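Chemist: Sequence:
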Amino acid sequence: SRKIQGRIMDLNLLVSSYAERDEDGELTPEGISLVQSTARNTRLLQIMFWATFENSLACLHSDQALRRLADEGLLTPKELAQLIQPNAVGPNGRANQVLTWIMSRTARAELNGHVMSRTGGFERTFTDKCCTLRASYASMYDERDGKMPLAYVHVVQILIDSLLILTPIAVYPTTGIVCVPLAGVMTFFYHGLQELSKSFLDPFGNRGSQAQNMQVDVFIAETNNGVLDLADYTQMPFDWRDLTIQGEWGEFNQPSSRAGAVSDDQGSGL
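Residues 24 to 293 in this note's numbering are what the sequence shown lists, from first letter to last.
FYI, nobody ran anything at the bench for these hints, they're computed from the structure.
Just so it is clear, the structure is predicted and the values come from calculations on it, not from any experiment.
Hints are supplied without guarantee of correctness; some may be wrong.
As the list claims (entries may be wrong) - Using C-beta positions, here's what the derived DEER-type ranges look like:
id	residue 1	residue 2	range
1	88	151	24 to 34 Å
2	143	82	37 to 47 Å
3	148	181	49 to 59 Å
4	55	86	27 to 37 Å
5	78	214	18 to 28 Å
6	207	86	47 to 57 Å
7	55	151	22 to 32 Å
Unchecked claim - Below are the SDA-like pairs computed for lysine to any residue, each with C-alpha atoms no more than 25 Å apart in a straight line:
id	residue 1	residue 2
8	26	44
9	152	165
10	101	115
11	152	178
12	152	77
13	101	116
14	26	151
15	101	165
16	101	124
17	26	147
Note that beta-carbon positions come from the ideal geometry of N, C-alpha and C, so glycine has one too.
Kindly generate the complete structure, drawing on both the sequences and the hints.
Modeler: This is how it looks when you write it as structure tokens:
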């Protein structure tokens, strides 16, 4: 889940940094459109993924929920129509569909000259990050479906229960009455370890585990905040017309007085 967050932030960072800007360092209308569309689609992508992966969020794939997302500004009318049309892809393919929107829009923007990259480096990096993002959320399906059989969990449950029941009887000849509080201590710790192991087996609570489950809404909120912050970086704090050795950066490129003194000493033979 953290890998997914990281790759989404990478995509928005790249677009916010390379989107077209004017001579004053402000985003052009085309650059603003690219940044905002990427932010909106990446937020939608994570919602579509988690709604497929997390049972409690499955309702977000309903037509009513998608219309509500459109009302909140996460879907344009055309995007909404494409998701709910009769021959649209199912819920399992919506995250990939949104990812293709992001990649296609960015590729078109670069083709039209609205991305500040002339060597193809942005396109290669952005495509690599998109493919890494897809691999990150696709691997989570494999991890979820490749869990150990549930019968193994039941066997472990029976073994632990048997151990806790028989241990006081087994240790009574050597510990005496102390076996009574000892049984309570063992039950407390073994029960906690077993509940923790169940949370590893079912970290999102899809199979009924309620111990130490991951909070998907926290992941979504954190990503939304980060994406919206990056989308707000519309102006650079310097004048792009003056980025020369004699311009705004000139003062940082001038040798310090100490460096000049050292050079004079070396020139005098010291």
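Chemist: Hint by hint, say whether it matches the structure.
Modeler: To see whether the hints hold, each was checked on the structure:
no.: 1; hint: 88 with 151: 24 to 34 Å; in the structure: holds (32 Å)
no.: 2; hint: 143 with 82: 37 to 47 Å; in the structure: holds (42 Å)
no.: 3; hint: 148 with 181: 49 to 59 Å; in the structure: holds (53 Å)
no.: 4; hint: 55 with 86: 27 to 37 Å; in the structure: holds (30 Å)
no.: 5; hint: 78 with 214: 18 to 28 Å; in the structure: holds (26 Å)
no.: 6; hint: 207 with 86: 47 to 57 Å; in the structure: holds (54 Å)
no.: 7; hint: 55 with 151: 22 to 32 Å; in the structure: holds (25 Å)
no.: 8; hint: 26 with 44; in the structure: violated (30 Å)
no.: 9; hint: 152 with 165; in the structure: holds (20 Å)
no.: 10; hint: 101 with 115; in the structure: holds (20 Å)
no.: 11; hint: 152 with 178; in the structure: violated (43 Å)
no.: 12; hint: 152 with 77; in the structure: holds (24 Å)
no.: 13; hint: 101 with 116; in the structure: holds (18 Å)
no.: 14; hint: 26 with 151; in the structure: holds (14 Å)
no.: 15; hint: 101 with 165; in the structure: violated (32 Å)
no.: 16; hint: 101 with 124; in the structure: holds (12 Å)
no.: 17; hint: 26 with 147; in the structure: holds (20 Å)
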